[in-house]
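Asker: Listed below are the residues making up each chain.
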Amino acid sequence: MVLELAHFSAALLFATFASIVFGITQRDNVRDMVKYGLYCFSLFVGGVIVAGWAMWLLRR
Amino acid sequence: MAPSGKDLEATLERQNRAAAAPRTQAAPANPAMAVLAPAIGWLIPGAGHLVQKRWWRGLLLMVSIVSMFVLGLLMEGKVYGFNTGDLLDMLGFVGDLGAGGLYIVTRALPDVGQGAIHRAVADYGTKFIIVSGLLNIIAAVDAHHIALGKKS
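Taken in order, these protein sequences are the chains called Z and P.
Residues in the first sequence are numbered consecutively from 1, following this note's numbering.
Residues in the second sequence are numbered consecutively from 1001, following this note's numbering.
Derived from the structure by calculation, the hints contain no laboratory data.
The reader is advised that the hints may include incorrect statements.
[Claimed, not checked] Simulated pairs of lysine-lysine, DSSO-like, Cα-Cα distance not exceeding 27 Å:
#1 P:Lys1151 / P:Lys1053
#2 Z:Lys35 / P:Lys1151
#3 Z:Lys35 / P:Lys1053
#4 P:Lys1127 / Z:Lys35
#5 P:Lys1053 / P:Lys1150
#6 P:Lys1006 / Z:Lys35
Okay, chain Z solo, but in the shape it has when bound (with noise of 0.2 Å):
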């Protein structure tokens, strides 16, 4: 069995996995961690839609 996913698909499954395990191991309390968790993905998502942009316009 081979997955083919998207780019942006592909950076949503990594975002989401990454901030989990930032989340509970960078911060001491539950509501901590889902904070930063959900900053991290924040950050993440963002930077891939902010890359996006900046090649769109690198390439015209």
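Position chain P relative to chain Z; hints supplied.
Answerer: Same frame as chain Z, now just chain P:
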């Protein structure tokens, strides 16, 4: 206006009290567990937390790291063996090795983790596998800190 001596003293006392107070309630140190937990956590992702009864954290770490590794394999990512070639290949091996038991099992399986250089998504798979190994090392270090009592 400059602060008076009394104000400064009171401020310093407040800062000292805040620094001395523990931020969270951490468990007492357990030296045996401090060695065992990261070793088990490296071998089985999330198990370092599970043996210390951090059930939800252990389970979430296990699901995240195993899913990332398996998705990498399903995308036909490459699993690096020991090598002394290109620097990036050597670093790839170090990252992959972090996945512990997952890496050992995958290396034992034939035709898995060979990589498919003609597909872009396979390169993503390779990165998924490396990063899952690196995340597993972070999780094992976290289990070590919990056993030492540095973290609750």
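Asker: Check each numbered hint from earlier against the structure, then list the numbers of those it violates in ascending order.
Answerer: Violated hint (a single one): 6; every other hint is consistent with the structure.
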